Amino acid sequence: MGKIFISVLDSSAELYISRVSFFIDKKAVIYSTSPRIKRSEKVLDITDLSTVGLPDFRKVFLRVIFLLRFIVEVKPDKFVFCDSPDLHIPIGMIMKSLFGQRVKSIYFIPPAVWAWRKHRKDIVEKFFDRVIFIFPFEKDIWTKNGVYVGHPLCKIIKEENSYFDYETQFRSSDLSSHKGVICFLPGSRYSEVKNHIHILRSLGREMRDYVFLVPTRFSELIEMCRGEFSLKVVPQELSRFAMRICDFVISASGTATLESALLGKPTVVFYKLPHHSFELAKRMIEKDLRFISLPNIILGEEVFPELIQDDATAEKIIKALNFVKEKNFGSVSKKLFDKLDFLDFPDIAKIIDEL
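Anchor point for the sequence shown: position 81 equals 81 in the working numbering, and the numbering is continuous, going up by one each time.
Simulated from the structure, these hints should not be mistaken for lab results. Do not take every clue at face value.
Unchecked claim - EDC-like mimics (lysine to aspartate or glutamate), calculated; alpha carbons at most 20 Å apart, straight line:
#1 LYS139 with ASP341
#2 LYS155 with ASP338
#3 LYS319 with GLU206
Quick caveat: nothing in here was measured; it's all calculated off a predicted structure.
Go ahead and model the full structure; you've got the sequences and the hints to work with.
Dropping the structure here:
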């Protein structure tokens, strides 16, 4: 079976591929960039590369060099690249240029060419042997070498539904002493949390009867708000637990918005970038993209209010919360489960094994 190198940076993709790795042929020797992939013979940790929006090109370049040195050392026969296109497309191009068909490259969760930088589609199809995609609307995009598997979150959330008693957990916590619980999701990257912390601070001051539950990897940033309002910081791995026991979700755009929709939680979506990054990003986004949050994009309608850039204020978020809390999102959850129906983790492993 040989050696397989798995490169992953994004926390959601890391969760999915770690589950897949359990079912990859046992004869394969796995090397990876993730400590969550327990079968890894050797791990190169690159989590500090996490950026948002427009890449820090110098940092990406240095990490590409670092990864290439690691790859030369372990000499894999097959590559699995997960999400994070600013890092993985250059590496995939270099690998295919150097080794040709001697090595096979798989892209699991390809770049969102439907949203921006459409030219990457041709690059991915040229330099990667297989593309494993998770959204149904991508079927018209990855027609050359793509395989649709549905979204792994459907499987994960259904599993959690069967063995967690969140209501009991909530009643046994001290959260129930407040008027309500708000799960605030500032983003999974350092730069996102830094950009959004002032929104959390403003919301906390305006909604003092509520407790804010904040899942994050960057607790030191959130702890700066300690003492200003009711606040509990939890590890990012517990984000879905936090969503389940909360009354409302306020989320930066990303996978978290899909998680909250699948859980049927009333949610308000927001996002804010530094002004120069926002102006540049606007020029790169596809003009026919109507929404920024995954539930709205998948269903083709605004099920969650979206507040972007100058609209992402505490006042407007509170107003949107008052709107969504009167709605039942159970039907939204069902529609999404139906549209994103997932094969299974062993099926993805089989695609990797058979290439």
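### Message
Could you work out which of the previously given hints the structure breaks and list their numbers from low to high?
### Response
none
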